[in-house]
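K.L.:
The residues making up each chain are set out below.
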Amino acid sequence: MSTETPSKAEPTIGDYQYGFHDSTDNYTFKSRKGLDHEIVRQISAMKNEPQWMLDFRLKSLDIFFARPMPQWGGDLDQIDFQNIYYYMKASDRQEKSWDDVPEEIRKTYDRLGIPEAEKQYLAGVKAQYESEVVYGSLQEDLARQGVLFTDTDSALRDHPDLFREYFGTIIPSADNKFAALNSAVWSGGSFIYVPPGVHIEFPLQAYFRINSENMGQFERTLIIVDEGASAHYVEGCTAPSWSAESLHSAVVEIVVKRKGRFRYTTIQNWANNVYNLVTKRAMAYGDSLMEWVDGNLGSKITMKYPAIYLMEPGARGETLSIAFANKGQHQDAGAKMVHCAPNTSSRVISKSISKGGGRSSYRGLAKVVKGATNCKTSVVCDALILDSASRSDTYPYIEVEEDDVTIEHEASVSKIAEEQLFYLMSRGLTEAEASAMIVTGFIEPLVKELPMEYAVEMNKLIELQMEGSVG
Amino acid sequence: MATLGIIDLQVSVESKPILKGVNLEIKAGEVHALMGPNGSGKSTLAYALAGHPKYEITGGSIEIDGTDVTGLDANERARLGMFLAFQYPVTIPGVRVADFLRHAVTNRRDPERKEGENLMPMREFRTELKERMTELGMDTEFARRYLNDGFSGGEKKRMEILQMAMLKPKFAILDETDSGLDSDAVKVVSEGVNRLSGPEMGVLIITHHERLLEFNKPQFTHVMLAGRIVETGDASLAAELHANGYATVRERHPEEAAEELTEQEKSLASV
Chain A
10 MSTETPSKAE PTIGDYQYGF HDSTDNYTFK SRKGLDHEIV RQISAMKNEP
60 QWMLDFRLKS LDIFFARPMP QWGGDLDQID FQNIYYYMKA SDRQEKSWDD
110 VPEEIRKTYD RLGIPEAEKQ YLAGVKAQYE SEVVYGSLQE DLARQGVLFT
160 DTDSALRDHP DLFREYFGTI IPSADNKFAA LNSAVWSGGS FIYVPPGVHI
210 EFPLQAYFRI NSENMGQFER TLIIVDEGAS AHYVEGCTAP SWSAESLHSA
260 VVEIVVKRKG RFRYTTIQNW ANNVYNLVTK RAMAYGDSLM EWVDGNLGSK
310 ITMKYPAIYL MEPGARGETL SIAFANKGQH QDAGAKMVHC APNTSSRVIS
360 KSISKGGGRS SYRGLAKVVK GATNCKTSVV CDALILDSAS RSDTYPYIEV
410 EEDDVTIEHE ASVSKIAEEQ LFYLMSRGLT EAEASAMIVT GFIEPLVKEL
460 PMEYAVEMNK LIELQMEGSV G
Chain B
811 MATLGIIDLQ VSVESKPILK GVNLEIKAGE VHALMGPNGS GKSTLAYALA
861 GHPKYEITGG SIEIDGTDVT GLDANERARL GMFLAFQYPV TIPGVRVADF
911 LRHAVTNRRD PERKEGENLM PMREFRTELK ERMTELGMDT EFARRYLNDG
961 FSGGEKKRME ILQMAMLKPK FAILDETDSG LDSDAVKVVS EGVNRLSGPE
1011 MGVLIITHHE RLLEFNKPQF THVMLAGRIV ETGDASLAAE LHANGYATVR
1061 ERHPEEAAEE LTEQEKSLAS V
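Line by line, the protein sequences are chains A and B. Position in the first sequence (first residue = 1) + 9 = the numbering used here. Position in the second sequence (first residue = 1) + 810 = the numbering used here.
It is possible that part of the hints are untrue.
Stated by the list, open to error - Some chain B residues flagged as far from chain A (calculated, every beta-carbon gap over 12 angstroms):
1. Gln820
2. Lys826
3. Lys837
4. Met943
5. Glu951
6. Val998
7. Val1040
8. Glu1041
9. Glu1050
10. Pro1064
To be verified - The list that follows gives simulated cross-link-like pairs (lysine-lysine, DSS-like), each with its CA atoms no further than 27 angstroms apart:
11. A:Lys457 with B:Lys966
12. B:Lys924 with B:Lys980
13. B:Lys940 with B:Lys978
14. A:Lys39 with A:Lys98
15. A:Lys56 with A:Lys186
16. A:Lys469 with A:Lys424
17. A:Lys469 with B:Lys924
18. A:Lys424 with B:Lys924
19. B:Lys864 with A:Lys424
20. A:Lys336 with B:Lys924
21. A:Lys457 with B:Lys940
22. B:Lys966 with B:Lys980
23. B:Lys1076 with B:Lys830
24. B:Lys997 with B:Lys978
25. B:Lys864 with B:Lys1076
26. A:Lys128 with A:Lys469
27. A:Lys379 with A:Lys268
28. A:Lys56 with A:Lys98
29. A:Lys116 with A:Lys39
30. B:Lys966 with A:Lys424
31. A:Lys68 with A:Lys42
No lab work stands behind these hints: they were computed from the structure. Don't be surprised by glycine CBs; every beta carbon is placed ideally from N, CA and C.
Could you build all of it, start to finish, from the sequences and the hints given here?
P.N.:
In structure tokens form, the structure reads like this:
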């Protein structure tokens, strides 16, 4: 763990361990602040994009301007869209060896432990720093089998047909205001293609790092898992503890074809001045399995509801969601399951923790369209509130247009019982250790679904959130 | 020799006085039995000794080896060697027995340990845990289960004894550890306590029944009535109480018996 002190810019942030930042003096390119057609043209020109992409971006920008701010979920009125840098490039190239990544940036990823993790248990890595991917790797045998794991900009350049077939088809620009924003200014993100029947044993990992103040990061991820293929993708996210806000607004589109299996794991740990407004959606075809594992820590406001559209019979969807809302944070997270075909099933398990005045909300949709008979959907959300200043809400939306469906919804809210604390303390645990243990136990049913390394990381993050929690 | 001193202890729960001056001294190696009718204050004494925040000490003191621990919280007392086997062990979902115990044992053996410092080595801990579980006739599978989650009554009590075996306290208070158990389970628990109670540990057994005392013969038997210890004798007193109930005790202590009656009427009236 790093022993260096966090940035002095924001002394109130507290224990956030990734709060350090690098100098931006050597950046290759930095757009001016603000958002208009000219900025969008500039981004597209920097990337040498084809005309169709520029047109797509400009159209999306108009949609973004035309749409009103959402008035539900978190309070977004403080975001000043004209006070944000929409594009920053810290390095000219994407490297294949960490040794070639500029030293300052490499040091950041060293401190985040990425190169070490790559050696031990990852099948491939993408490291995005500000707007662009600065490092990329993929195991050779996977590349030989036709697996593509690249940044999204390269995919547009190198695999134009495959790219255009799927890009923007799962989440159109007009889906919501922030999907439109991402479509206008997107940069970086991961592009993955897994050919039919190929199984990737170890996770593919992407790491998203915001470094600058007032930065907007808009990565765009597109993943296609072909018939009978399987893979697991993991993303981690951090940012320095600046006093001014940053904006992270990603779009993630996924297609899982017949009999494919895909799991997308997020462990985000943003500093608590980041607005995190993300649209994630997967389409799952016949007999496939799509899973979201979504761990939301940090940020100022997170609004994120990973969706699965079950498109053909036999498709299954599962979302496991953990949210931890600490002081000054609002986690508005959940899941959407849309049953578009008969004999599809879905399951949502959500666990949220609120502490120190934090607020967590579960917001979910279970939808069964006309004709989708014999579907099963189950939602279980449990909330744990650690003190009287904190808050938890549940907003389940259920829309069912068929009779022949099974719908289960359970919700529970609990407080740490005094008797639990006393029991553990009577065995020699301090109050803080006892609380942390109870919280860790609360999310254990989800954490045990993570690969070991990520489970350890998740528990460590929870412990950090719990530190100093008892006065 | 380790000594637990309870000196004129007065305890209130929600401002209601329950213990009205309890005096008791327990030395390592001794087995004490505490008996008394329902509501006489036995469990209150157990919780107050362990440091439950709801049990407010309004007078007197608790001392371990001459050091006043009255102002210490439950975790500090536990590190000094106090242990309470709960009448109703608490369920902690999602927390594995082994993880919890490794943490607890580390703190007990290194009372100065600060939060976040290293735990005892995993291998050493596992070996020891396995030995203790085998001695208590427990399936080692229990170490991987969530603490008391879905345990039967007997399993919970056995888990309490396992914790005691791992924490090696100086003083163990068994709060009706035999209640709700069939005679086989009582035998297992008794044998466990028997194995552990030795020259290094003093034991206070709170019980209504005689069964636990058959296996763990007390040197001292105390009888509690209306928040005071009114009689102290040897093992034969326990046998007598078991045979005849508390009527004769009440006759011998009319003042406390009257107090007990008044309190019962009060609590009936408040229902």
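K.L.:
Would you mind marking each hint as holding or not holding in the structure?
P.N.:
How the hints compare with the structure:
The beta carbon of B:Gln820 sits about 21 angstroms from the closest Cβ of chain A, which is more than 12 angstroms, so the claim that it is off the interface holds. Residue placement check: B:Lys826 keeps its beta carbon more than 12 angstroms from all beta carbons of chain A (closest about 18 angstroms). At roughly 22 angstroms, the least C-beta separation between B:Lys837 and chain A is larger than 12 angstroms, which holds for a residue marked as non-interface. Chain A leaves B:Met943 outside its interface by the beta-carbon criterion, the shortest separation being 17 angstroms against a cut-off of 12 angstroms.
Look at B:Glu951: its CB is around 16 angstroms from the nearest CB on chain A, clear of 12 angstroms, so calling it non-interface holds up. No Cβ of chain A comes within 12 angstroms of the Cβ of B:Val998; the nearest lies about 21 angstroms off, and the non-interface call holds. For B:Val1040, the non-interface assignment is confirmed: its Cβ lies about 28 angstroms from the closest Cβ of chain A, beyond the 12 angstroms cut-off. In this structure B:Glu1041 is separated from chain A by more than 12 angstroms, as the shortest Cβ-Cβ distance comes to about 29 angstroms.
For B:Glu1050, the condition that its CB be more than 12 angstroms from all CB atoms of chain A holds, with the nearest at approximately 33 angstroms. Look at B:Pro1064: its CB is around 37 angstroms from the nearest CB on chain A, clear of 12 angstroms, so calling it non-interface holds up. Between A:Lys457 and B:Lys966 the CA atoms are separated by roughly 24 angstroms; this keeps the pair inside 27 angstroms, and the hint holds. Taking the CA atoms of B:Lys924 and B:Lys980, the gap is about 22 angstroms. The hint holds against a cut of 27 angstroms.
Restraint check for B:Lys940 and B:Lys978: the C-alpha separation of about 15 angstroms stays at or below 27 angstroms, so the hint holds. At most 27 angstroms may separate the alpha-carbon atoms for a hinted pair to count; A:Lys39 and A:Lys98 meet this at roughly 6 angstroms. At roughly 24 angstroms between alpha-carbon atoms, A:Lys56 and A:Lys186 fall within 27 angstroms of each other, so this suggested pair holds. A distance of roughly 22 angstroms separates the Cα atoms of A:Lys469 and A:Lys424; the hinted pair therefore holds under the 27 angstroms criterion.
Restraint check: the Cα-Cα separation between A:Lys469 and B:Lys924 comes to about 17 angstroms, which is no more than 27 angstroms; the hinted pair holds. Only pairs whose Cα atoms come within 27 angstroms are accepted, and A:Lys424 paired with B:Lys924 is accepted, the gap being roughly 26 angstroms. Between B:Lys864 and A:Lys424 the CA atoms are separated by roughly 17 angstroms; this keeps the pair inside 27 angstroms, and the hint holds. Distance hint between A:Lys336 and B:Lys924 is fulfilled; the C-alpha atoms sit about 25 angstroms from each other, no more than 27 angstroms.
Distance hint between A:Lys457 and B:Lys940 is fulfilled; the C-alpha atoms sit about 23 angstroms from each other, no more than 27 angstroms. At most 27 angstroms may separate the alpha-carbon atoms for a hinted pair to count; B:Lys966 and B:Lys980 meet this at roughly 22 angstroms. For the given pair, B:Lys1076 sits about 17 angstroms from B:Lys830 by alpha-carbon distance, which is consistent with the 27 angstroms threshold. The straight-line distance between the Cα atoms of B:Lys997 and B:Lys978 is roughly 21 angstroms, inside the 27 angstroms bound, and the hint therefore holds.
Note on B:Lys864 and B:Lys1076: the hinted pairing holds, with a Cα-Cα distance of about 21 angstroms set against a maximum of 27 angstroms. About 21 angstroms separates the Cα atoms of A:Lys128 and A:Lys469, which keeps this hinted pair within 27 angstroms; it holds. For a cut-off of 27 angstroms, the pair hint linking A:Lys379 to A:Lys268 stands: about 24 angstroms separates their Cα positions. In summary, the hint linking A:Lys56 to A:Lys98 is supported, as the alpha carbons are separated by about 11 angstroms, within the 27 angstroms threshold.
Simply put, A:Lys116 and A:Lys39 have alpha-carbon atoms about 21 angstroms apart, close enough for the 27 angstroms limit, and the pair holds. Simply put, B:Lys966 and A:Lys424 have alpha-carbon atoms about 23 angstroms apart, close enough for the 27 angstroms limit, and the pair holds. Annotation: proposed proximity of A:Lys68 to A:Lys42 holds, straight-line Cα distance about 20 angstroms (limit 27 angstroms).
Comparing the model with each numbered hint stated earlier shows that all of them hold.
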